[in-house]
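Spelled out from the first residue to the last, the chains are:
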Amino acid sequence: MIWAGAFPSPLCPKPTVETTLSIENLRVEYRSRDLGETTKIAVHDLNLKVGLGEVFGFLGPNGAGKTSTMNVLLGFVPPTSGTARIFGVDVREPIARQRIGYLPEQTYYYKFLTAEELLRFYAGIFQIPSKETEQRIDGVLKLVELDHARKRQIKTYSKGMQQRVGLAQALINNPDLLILDEPTSGLDPIGRMKVREIIQRLKGEGKTVFFSSHELGEVETVCDRVAILHQGELKTEGSVNDLLKEHSSNLEQIFLKLIGYSPQP
Amino acid sequence: MNTIWALAKVVVLEMVRRKDFYVLFILTVLLTATAGSVNLFNDRSIVRYLKEICLLLIWACGLVIAITCTARQIPAERESRTIFPLLAKPVTRGQFLLGKFFGCWLATGLALLLFYIFFGLVSASRDHEWPVLNYLQAAWLHWLMLGIVVAFTLLGSIVFAAPSSNGTICFVSAAGILVLGRHLNKVALSLAEPLQSLLYAFYFALPHLELFDARGLIIHGSELIRWDMIALATLYAAAYAAFFLFAAWLVFRRRPLN
Chain Y
1 MIWAGAFPSP LCPKPTVETT LSIENLRVEY RSRDLGETTK IAVHDLNLKV
51 GLGEVFGFLG PNGAGKTSTM NVLLGFVPPT SGTARIFGVD VREPIARQRI
101 GYLPEQTYYY KFLTAEELLR FYAGIFQIPS KETEQRIDGV LKLVELDHAR
151 KRQIKTYSKG MQQRVGLAQA LINNPDLLIL DEPTSGLDPI GRMKVREIIQ
201 RLKGEGKTVF FSSHELGEVE TVCDRVAILH QGELKTEGSV NDLLKEHSSN
251 LEQIFLKLIG YSPQP
Chain X
1 MNTIWALAKV VVLEMVRRKD FYVLFILTVL LTATAGSVNL FNDRSIVRYL
51 KEICLLLIWA CGLVIAITCT ARQIPAERES RTIFPLLAKP VTRGQFLLGK
101 FFGCWLATGL ALLLFYIFFG LVSASRDHEW PVLNYLQAAW LHWLMLGIVV
151 AFTLLGSIVF AAPSSNGTIC FVSAAGILVL GRHLNKVALS LAEPLQSLLY
201 AFYFALPHLE LFDARGLIIH GSELIRWDMI ALATLYAAAY AAFFLFAAWL
251 VFRRRPLN
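Each protein sequence line maps, in turn, to chains Y and X. Residues 1 to 265 in the numbering used here are what the first sequence lists, from first letter to last. Residues 1 to 258 in the numbering used here are what the second sequence lists, from first letter to last.
Hints may be right or wrong, so weigh each one.
[As the list claims (entries may be wrong)] A few chain Y residues facing chain X, derived, Cβ under 10 Å:
hint, residue
1, Ser22
2, Pro94
3, Gln127
4, Pro189
5, Gly191
Hints listed in this document are in silico derivations from the structure and should not be mistaken for laboratory results. Here the structure is a predicted model, which means the values were calculated and not measured. The beta-carbon is built from N, C-alpha and C at its ideal position, and this holds for glycine as well.
Let the hints inform the model, and build the full structure from the sequences given.
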């Protein structure tokens with residue numbers, strides 16, 4: 001373990017509550033701008049709790065409402081009704097994001113910066129003291145195996161390297177909760193394996209990981225619990241082992257059954 | 001404050017690593033150096049005339065740098081989606097706007113500093129005079145004026161989707177105010193009511209950018225402006241910049257990010 005426990009910070013006190021993330025009666029609606037179009041309900045009265053130290057898989061086909069839920073959790077979109085809390089703090093408060101790390105699906109970073117500069121910039125936002133910042137940069141760059149390329153501009157990185165710099169920025173504040181949006185999307189098998197290893201390592205350190213993915217085999221391997229969403233509604237939620245026992249099938253079959261997919265003859 | 005400073009530093013770094021600033025600087029250096037090398041019949045009025053042209057060039061470059069740098073900030077953040085990982089951190093939209101404002105204003109200030117130092121060196125080599133305070137006052141007022149321009153361009157970048165249209169509108173507005181702003185009240189006198197009152201209201205509401213034009217201090221070596229007047233101009237610029245930033249925040253705070 002390269003950096004476990006290496007970053008004690010008064011800004012990131014350890015959680016004292018058992019629930020890391022809670023969503024109650026969450027509803028997200030988008031008003032259509034087209035004439036005659038009705039309001040689109042992206043998330044319909046969603047209730048969800050994610051416990052401390054869990055790896056939670058948030059699943060659903062495209063358009064199920066996963067991204068809308070994540071957008072609410074990250075404060076990008078206000079909920080139409082209901083509440084979402086992270087460590088007991090309403091997600092509409094910017095301070096709720098002090099203890100989370102977010103990895104977007106694709107690499108959205110300032111490509112004119114080097115990895116080191118990008119991490120220093122984000123550390124500045126978290127108001128991490130400069131001496132500690134340098135230690136954290138060393139730690140996360142070693143963890144994601146980008147130490148050798150730390151002084152190169154991000155625009156020169158391959159897709160896999162860009163995804164790993166994304167993971168590094170998500171970890172710079174030593175977060176207690178990681179929100180990962182399809183973290184292995186577009187990566188080659190080695191890249192996927194590395195991301196999976198990092199998630200498992202974080203789990204070993206007691207971090208909570210909340211992630212969406214379409215890779216159901218991967219979800220089955222790393223997740224403790226999953227929730228399956230379809231057309232904005234929660235179809236099921238529970239431990240991966242319980243679901244597998246209950247349905248006597250693999251996660252992919254359970255997923256397809258719950259969303260009502262039947263293959264064409 | 002740390003968050004705003006961190007955001008501002010990235011904007012400055014971006015300008016340093018882009019090519020457009022260097023193109024403008026090299027162009028100005030070439031034109032200034034050419035103008036500075038001319039001294040026909042040792043005629044001082046020609047030197048003054050050339051100084052005027054060079055300063056006009058610096059003013060135009062200042063406007064171009066301020067507007068182009070600011071106009072692309074928010075649209076580029078949204079288009080490249082870098083705004084998402086940024087706002088997923090404990091950053092409010094108000095801090096985001098302030099960081100962008102200070103970054104653009106600082107970047108513009110650094111560019112101005114370079115232009116004025118170069119121009120001062122060329123002028124001093126011809127005139128053998130070092131009117132440092134005149135330069136300081138002229139450059140400070142120039143920078144304040146660009147602070148107002150940066151603030152209203154930032155507001156424009158939220159209202160108008162395309163940076164090019166925002167840039168054009170802001171450039172035309174700033175140039176229009178600089179050239180015509182001081183004459184609007186005279187034009188209003190010649191109009192009938194209610195146009196007269198409307199134009200007067202417009203005249204008083206406009207940020208009078210031309211008030212910050214102190215090029216005469218350098219060209220004609222005029223007397224220094226009283227420091228209390230400089231303080232008043234600073235407050236005037238701060239008030240207008242704050243007004244435009246507040247308007248930008250009002251529009252941006254509820255705007256969807258994509």
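Quick rundown of the hints versus the structure:
1. Ser22: 19 Å, violated
2. Pro94: For Pro94 of chain Y, the interface hint holds, since the closest Cβ of chain X sits about 5 Å away, which is under 10 Å.
3. Gln127: Holds - the Cβ of Gln127 of chain Y comes within 10 Å of chain X, reaching about 5 Å at its closest.
4. Pro189: Since the shortest Cβ distance to chain X is 25 Å, the answer is violated.
5. Gly191: 19 Å, violated
Hint compliance for this structure: hints 1, 4, 5 are broken, all remaining hints hold.
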